[in-house]
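Protein chains in written order, with the working numbering: chain P, 79 to 409; chain R, 79 to 409.
Quick caveat, the hints were computed from the structure, so don't treat them as lab data.
None of these values were measured; they are calculated from a predicted model.
We put the CB at the ideal spot given by N, CA and C, even for glycine.
Please note that the accuracy of each hint is not assured.
What the hints assert, rightly or not - EDC-like mimics (lysine to aspartate or glutamate), calculated; alpha carbons at most 16 Å apart, straight line:
| no. | chain 1 | residue 1 | chain 2 | residue 2 |
| --- | --- | --- | --- | --- |
| 1 | P | Lys-406 | R | Asp-155 |
| 2 | R | Lys-222 | R | Glu-250 |
| 3 | R | Lys-406 | P | Asp-346 |
| 4 | P | Lys-183 | P | Asp-155 |
| 5 | P | Lys-336 | P | Asp-346 |
| 6 | R | Lys-406 | P | Glu-220 |
| 7 | R | Lys-332 | R | Glu-274 |
| 8 | P | Lys-406 | R | Glu-250 |
| 9 | R | Lys-352 | R | Asp-155 |
| 10 | P | Lys-406 | P | Asp-383 |
| 11 | R | Lys-172 | R | Glu-186 |
| 12 | P | Lys-172 | P | Glu-250 |
What the hints assert, rightly or not - Going by beta-carbon spacing under 7 Å, a handful of chain P positions derived as facing chain R:
| no. | residue |
| --- | --- |
| 13 | Ser-269 |
| 14 | Phe-273 |
| 15 | Leu-275 |
| 16 | Gly-283 |
| 17 | Lys-343 |
| 18 | Gly-398 |
Stated by the list, open to error - What follows is a set of in silico ranges between Cβ atoms, one per label pair, in the way DEER data are often shown:
| no. | chain 1 | residue 1 | chain 2 | residue 2 | range |
| --- | --- | --- | --- | --- | --- |
| 19 | R | Trp-189 | P | Gly-279 | 32 to 40 Å |
| 20 | R | Asp-303 | P | Met-385 | 35 to 43 Å |
| 21 | R | His-195 | P | Thr-334 | 34 to 42 Å |
2 protein chains.
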Amino acid sequence: MRCFHFCKLPGRVMGSRLLRFTSVVIIVLLLVAGALTALLPTIKDDKLPNSRREAKTQSQSALDSFTLIMQTYNRTDLLLKLLNHYQAIPHLHKVIVVWNNIGEKTPEEMWNSLGPHPVPVVFKVQTVNRMRNRLQNFPDLETKAVLMMDDDTLVSAHDLAFAFSVWQQFPEHIVGFVPRKHISTPSGVYSYGSFELQNPGFGNGDQYSMVLIGAAFFHSGYLEDFQHQPEAVYALIDETQNCDDIAMNFLVAKHTGKPSGVFVKPVDIRNLEKDTNSGYSGMWHRAEHLLQRSYCVNKLVNIYDGMPLKYSNIMISQFGFPNYANHKNKM
Amino acid sequence: MRCFHFCKLPGRVMGSRLLRFTSVVIIVLLLVAGALTALLPTIKDDKLPNSRREAKTQSQSALDSFTLIMQTYNRTDLLLKLLNHYQAIPHLHKVIVVWNNIGEKTPEEMWNSLGPHPVPVVFKVQTVNRMRNRLQNFPDLETKAVLMMDDDTLVSAHDLAFAFSVWQQFPEHIVGFVPRKHISTPSGVYSYGSFELQNPGFGNGDQYSMVLIGAAFFHSGYLEDFQHQPEAVYALIDETQNCDDIAMNFLVAKHTGKPSGVFVKPVDIRNLEKDTNSGYSGMWHRAEHLLQRSYCVNKLVNIYDGMPLKYSNIMISQFGFPNYANHKNKM
């Protein structure tokens, strides 16, 4: 049977049936197509860069990038200002915001509405306002390195990129921008302080025995270790709402048998406390803050049955930056 | 037989024989004692501090002290000025002076006449005036660490004590005060230089890939390693009377797979060239000096079949010295 183009059937009757049939088929096909299209994810123009960026982010080796953990309380304006800055730091993988504003909604909606963002930001809502909330072993953590920042501290991208490269060379240390020390006294009671305190007396110059974690890189493994400390450590931190950073330095020093920290001298570090509209000015303004920290040092020595902190006088700066001749000396 | 006190013998005859015998015995004993005393080393008053110091020096662990190796040519006045300074550096074990003034007497006599000295100084008389004479594996070396200094360079004791402590934390590196770098060019030909050369282009700021051994600490084991390099390396150094330090950096970089050097920023380093009466002003004033060094870099890449030097931008300073607040930053 010779047939072309749906077989020309004799007569008008056959023709109209075919026509109806074909129309129905076409309509059904269109409906199916429409349904399928509706089920596909919406590809908006502005999402395209995001998915490209997300693919890039995931491919960053866990060793070549870091996670920013920033705890925040009562300074959301500063938090958002800082997030705009930190979200674009080179080698940043993800941001974890530890939300200590109990009962208050996170700015997640606003954050998303102002997307796209260079990296994912997760808001971890807390149930109790605790200083040590930031030292949980967050499942969101995918990188070996953590950058921990206080929610009122701005460190330049240059400083952070350099300090990250230093951390990669000293991964078992807390590599950061704020050095502190303890000193012994003849009574055996320790005191905590900074450079205004007497030098520990090991040769020339000063020494530091701690690097504060409010502006520092450290290995994410230490967050896991922190979950296995004596109960008394948690009790101390909760009692003082302070000293989590001193405890971390004790932990790291015990673990390595070396000075816990490596101090990187920052070129540009700023405290934005004064810029907040909240009126809240941070724990370190409390009258008892420093006394508490000395108290903590001595308590931790009891808990750990010894003083594990060790002194260092190594100060690291970036060669040829910002001044290309910053190494020059009298010759 | 009852006998007391050499047995009293009856009669005068026995008594005088005994007396003579006893006298002879006493005289012989005195002579022997006298002879022994004469054989003992002369204990002079001024040697006492020395022997106490020497005992102390020998008890210094090989890890806690270093040997200064200083090669000298035609600048004995500077040498002696520098020796007065360096002989008193903390943790110094011994000084080895590599005497490149062929045929000329060393100042050893004068040195000894001006004793006592804090540490032993040995003058190694050379037979040929070679730049690489200082890189021999001297049997006089007892310490793990070597401090190598040019005979026209004065580095403060503070800087040296600090740099030694840094070396102890980085014993496989050349820890010193003079950073240099190589750069690649599109043609594949390398060039040698300092900060005035373009940055190698790895992020912000500059990088260094060598630390010169004319003012640096390094492990004495590298002197042993240096004896087992390809002949072409020695030929190159002899041909140029230059580049022994570049060769050492290649050696160390190959050995560690890391940047060969760690740069410690000196507080007080001085070149005393102008102070010499000899009129001799050092190899680096030769017109071809820098070109030679670029030449050496390329030759060494050929000899070692690759470029082993790696970049670093770590600059180390001493925390809290000389300014106790030298770590302070804008906060």
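A quick look at each hint next to the structure:
1. In summary, the hint linking Lys-406 (chain P) to Asp-155 (chain R) is not supported, as the alpha carbons are separated by about 27 Å, beyond the 16 Å threshold.
2. Distance check on the hinted pair: Lys-222 (chain R) and Glu-250 (chain R) sit about 11 Å apart at the alpha-carbon level, within 16 Å; holds.
3. For the given pair, Lys-406 (chain R) sits about 11 Å from Asp-346 (chain P) by alpha-carbon distance, which is consistent with the 16 Å threshold.
4. Simply put, Lys-183 (chain P) and Asp-155 (chain P) have alpha-carbon atoms about 14 Å apart, close enough for the 16 Å limit, and the pair holds.
5. A threshold of 16 Å between alpha carbons decides the hint, and for Lys-336 (chain P) with Asp-346 (chain P) the separation of about 28 Å lies outside it, so the pair is violated.
6. The hinted pair formed by Lys-406 (chain R) and Glu-220 (chain P) fails the criterion: a straight-line CA distance of about 34 Å is larger than 16 Å.
7. Taken as a hint, the Lys-332 (chain R) and Glu-274 (chain R) pair is broken in the structure, with Cα atoms around 26 Å apart against an allowance of 16 Å.
8. Restraint check: the Cα-Cα separation between Lys-406 (chain P) and Glu-250 (chain R) comes to about 25 Å, which exceeds 16 Å; the hinted pair is violated.
9. Between the alpha carbons of Lys-352 (chain R) and Asp-155 (chain R) the distance comes to roughly 12 Å, so the proposed pair stays at or under 16 Å and holds.
10. Proximity of Lys-406 (chain P) to Asp-383 (chain P) is assessed by CA-CA distance (about 46 Å); at most 16 Å being required, the pair is judged violated.
11. Between the alpha carbons of Lys-172 (chain R) and Glu-186 (chain R) the distance comes to roughly 15 Å, so the proposed pair stays at or under 16 Å and holds.
12. Proximity of Lys-172 (chain P) to Glu-250 (chain P) is assessed by CA-CA distance (about 21 Å); at most 16 Å being required, the pair is judged violated.
13. Restraint check, Ser-269 (chain P) versus chain R: the minimum CB separation of about 17 Å is more than 7 Å; hint violated.
14. Interface hint at Phe-273 (chain P): satisfied, since its Cβ lies 6 Å from the closest Cβ of chain R, which is below the 7 Å cut-off.
15. Violation of the interface hint for Leu-275 (chain P) is found here, the shortest Cβ-Cβ separation to chain R being roughly 10 Å, above the 7 Å cut-off.
16. For Gly-283 (chain P), the interface hint holds, the least distance from its beta-carbon to any beta-carbon of chain R being 3 Å, beneath 7 Å.
17. Interface restraint check: Lys-343 (chain P) against chain R, minimum CB-CB distance 6 Å, threshold 7 Å, status holds.
18. A cut of 7 Å between beta carbons decides the hint on Gly-398 (chain P): the least distance to chain R is about 2 Å, and the hint holds.
19. One distance hint, 32 to 40 Å for the beta-carbon pair Trp-189 (chain R) and Gly-279 (chain P), holds here, with the actual separation near 35 Å.
20. In this structure the hint that Asp-303 (chain R) and Met-385 (chain P) lie 35 to 43 Å apart at CB holds, the actual value being about 40 Å.
21. Roughly 41 Å separates the CB atoms of His-195 (chain R) and Thr-334 (chain P), a value that falls within the hinted 34 to 42 Å.
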